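From first to last, the protein sequence lines stand for chains A and B. Residue numbering for the first sequence follows the numbering used here, beginning at 23 and increasing consecutively. Residue numbering for the second sequence follows the numbering used here, beginning at 987 and increasing consecutively.
Do not rely on the hints blindly, as some may be mistaken.
[Said to hold, decoys possible] Among chain B residues calculated to face chain A with C-beta under 10 Å, some are: (1) Ala-1011; (2) Ser-1034; (3) Phe-1059; (4) Phe-1062; (5) Phe-1171; (6) Ile-1197; (7) Ala-1198; (8) Val-1210.
Derived from the structure by calculation, the hints contain no laboratory data. The model shown is predicted, which means the values in this text are computed figures rather than measured ones. Glycine included, C-beta positions come from ideal geometry on N, C-alpha and C.
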Amino acid sequence: MSNAALVWIVIYCIAAMLFFGAAVVIGFVGAKDLKDLLSRSDRTR
Amino acid sequence: MHFQTLDWIILVVYLVVTVYVGIRARRYVENLEGYFVAGRRVKVALGSATLIATEIGIVTFMYLGELGYVTGFACFVLGIIGFIGYAVIGKTGFIVSGLRALNVITIPEFYELRFSRGVRVLGGILLFLGGVLNMGVFLKMDGLFLTSMMGFDPSVLALVMTLMLVIVIAYTVLGGMFSVVITDFIQFVVLSIGMLVATLAVLSHVGFGEIAAAVQTHLGSAGVDPVANPRFGWTFLVWMLIGSVALSALNQPAASKSFASENPEVGRKVFLYTGITLAGRYMIPMFWGVAALAVFGPGVETTLAMPRLLSMVVPSGFLGLMVAGMLAASMSTYSAYMLAWSSVGTRDIVSPLRKIALTERQTITMTRVITTTIGVFILVFGLWYELPSTVFQYTAITGAMYAAGAFGCVVAGLYWRKANTAGAYAALALGGTAPVVFLVLSLSTPELPESLRFLLDVNISGFLSFLLAALGMVIGSLLTQRTHPPIVITPRTGSDHE
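For reference, chain B alone in the conformation it holds in the complex (with noise of 0.2 Å):
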């Protein structure tokens, strides 16, 4: 076992100071827009922090982990990418600012005021949908990367994951968007230390020479040029791009931070310093995957290699720190998500089909049922799903059932005076049917026609989706302007029929 004493005090010790102040919180939460949105008074520093912890788990770790395994430096241009997605957003507070203008607490509700009840309705159920199941595989990829820095058995293994979800459920379902706050900004902190002492463990253990010349060795140019190497190419790497500026913006965990922002300024300018720091929050993890090559050489299993390599370098005290700051990271991304699929669920697709409005005690309980059932489904299908055999394949469907339709819905929505209901609907189908279409595809591959093959490449999917949403938005409002009038909006004062 890699664990030693004072590795498992530190890890406890982190452990109940999260569970004290998460449940405490619950004095905080007076009503609905406290549960949801912690009130709309988080500043610009603590949201940029609470966004930051939400977006970065093990999962992220191990998958960028992975990627810099495998394609050395060559994966480092998602980070740019990703910074360049951020920094549109920040700047210009596109979609961000518009929909926090509205004092929305979810997306589908911008469908409502925009477009119909029906159409938040299908857009709450593709939205929760797509991110329960994108969230399906997180804990799996936790256990993956445990098991290896703290050497246990899966079985004892399971124990600690079932442990951490229960302490997540709990201060989530008790104090809601407070709780998510405050713990995200422990956590934030603590990450952030445990990142730090990981960098400086892998750089005092192997060089930055040692490592180029690992990379030139076994992936030769492919390791430092994307457009070259297979992984990647240019369809990638625009759908890398397209993708990042609409899952930055539309992401609902991480648009919930911009909503509890205390006005669209502060919403936008957390992108903006967020997105300072993302290709450092890419890169940093893709190092030490990078690092990891130099060291064990291109045999050990892709998606252990960095966290086999962490657990050798870093020291006992430091291992527990820094397995403390990865449990955080997990603890802040599960607890945001919980909450903003549950609060979809519940404002979105329950109260909406609901002939009597929910009160809003009734809201918050649902809201708590809600979080917990999740809970317990990604507990379940965590633990016990096989993953299939690429997770980006996995999460980039399931984000794309959601992203595709919504970027179509809201950008057309917030900037296209035309876009009305039958629009709405066509981009929603149109954007989640498409990945359906290419996993059931990929199911039959020996069977496919060699013309449609190029439908299994999951970039061009990817792409076909947020093409056919668009067109889906363009083509259905374009041709029903008379029988469906679009419906203009203000920021804050309702809606009229144009």
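Chain A with its partners taken away, still in its complex shape (with noise of 0.2 Å):
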């Protein structure tokens, strides 16, 4: 494997749990906020 292509899939793989590793925070955090969003725009109450 020659330097070049190492270096790109060092990039890869930080890139790919970056990815990923924010998905799971953005899923949590992103669920409070919509039962928030929602709570505070329902007119039916």
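Using the hints, build the complex out of the two chains.
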């Protein structure tokens, strides 16, 4: 494996972990935000 | 057929839940702000989830997967460039904070505040046409992907795509941005799981060493060096960097999510946190494409290599989840785009041209009609239109139609006091004309003199559109300062002539 290929693979792994890690955080906190948005916006209450 | 019973169950459950949730969201729409920007109550994490879901569609996976297949690791540089664009906007609030502080709902609305109603209408027309044409190829690409993944006959596929579009139109029309935000969030979760499943499946089938060897064998240095790669080079990279900042901030469907934020600070942070994921969003499907090169070699049709790999390596059950994720990606894109372009059509073209202003109810009704019309257009255009030789060319040109002029108008309008109406007209006209000229010239390539052949380079054409728009704004404004004095606006306080 060339050095350049190795560098790109490392960058890819970091990028992928950032994406999936952020997705987990955004998923949990976003669910809370969504609940808050809907409770503040429900015009049938 | 690759799809098994379990896959179908998963897919149907997902679609049913989406329809139910999306249509129920209608109860939250109480007024115009509720319909277009969810009452401006969206917080950072939710805003980020909806923005990510909006920006990823099947066409994104297809295009990025194709790039990975034909350019190897070299295309990963686009993930870094995209990240830089978002980071600049996210850290500085460049453009997005300024627009959010003015409480605009569409970008052309800013044009009227800062320049004139005529600029708003012209900008709205260019934005609407460019945007709707831009999404015209999405359905076709979705169809190609799903045919490969699910093993469908094309006639069955047309039915599936029609059903999907009808579902999206239904909940977008009824619930507006509330439907879009709620379904986007669900789609974000499903999409993320689908991407994880696909990535693990690919890695379990082919390792990094094998992939790197394939890139070296089939592509050589062009597979790792974006400057050396004949598809890229320095011109392309510079144009992508400019385009990254411009399109990130001014893409109306994405900007809508920023306008829906609680305040300008939240709007800025949405871009920052979304930007953290951008490199991964690009590189993950690109990596699937590079893996396809290792598995199949370079002889497969480039658009279909990546989906063919996924259909081969993802086991049943997970395949249904992954396809649900991909459909989720597309549906969130369609809903956000349709709402964005229909809001531009209603608020920036129809409404300003009327003598009597539309009421709130009329505005929402008109938006719903335009949304449905766009949906029908996409269906007809997507199922029957023959794709041009490169999807990239088509999407780049239609994107540049609105982005170049918009970038000149918005940046100058926010950050340069001398920007005026004449400059805005020039920026929009020149920014919109350059891509069209490219398209026309490309139809008569043999007759074109050698000295003008450089105009057929899509990278140069894209770069030129931004340059001409900027020149139009600067020269047009400077030459007409006395006849068209600039308007100065402040956040939430209206406008005054200088």
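Results for each hint:
The restraint placing Ala-1011(B) at the interface with chain A holds, with a minimum CB-CB distance near 9 Å, inside the 10 Å limit. Contact between Ser-1034(B) and chain A, as hinted, is supported at the beta carbon level, the nearest pair being about 5 Å apart and thus within 10 Å. Taking 10 Å as the C-beta contact cut-off toward chain A, the hint placing Phe-1059(B) at the interface holds, the least distance being around 4 Å. Look at Phe-1062(B): its Cβ gets to within about 5 Å of chain A, closer than 10 Å, so that hint holds up.
The restraint placing Phe-1171(B) at the interface with chain A holds, with a minimum CB-CB distance near 6 Å, inside the 10 Å limit. For Ile-1197(B), the interface hint holds, since its Cβ comes within 10 Å of a Cβ in chain A; the closest pair sits about 8 Å apart. A least Cβ separation of about 4 Å between Ala-1198(B) and chain A falls short of the 10 Å threshold, and the interface hint therefore holds. The closest approach between the C-beta of Val-1210(B) and any C-beta of chain A is roughly 4 Å, which is under the 10 Å cut-off, so the hint is satisfied.
Comparing the model with each numbered hint stated earlier shows that all of them hold.
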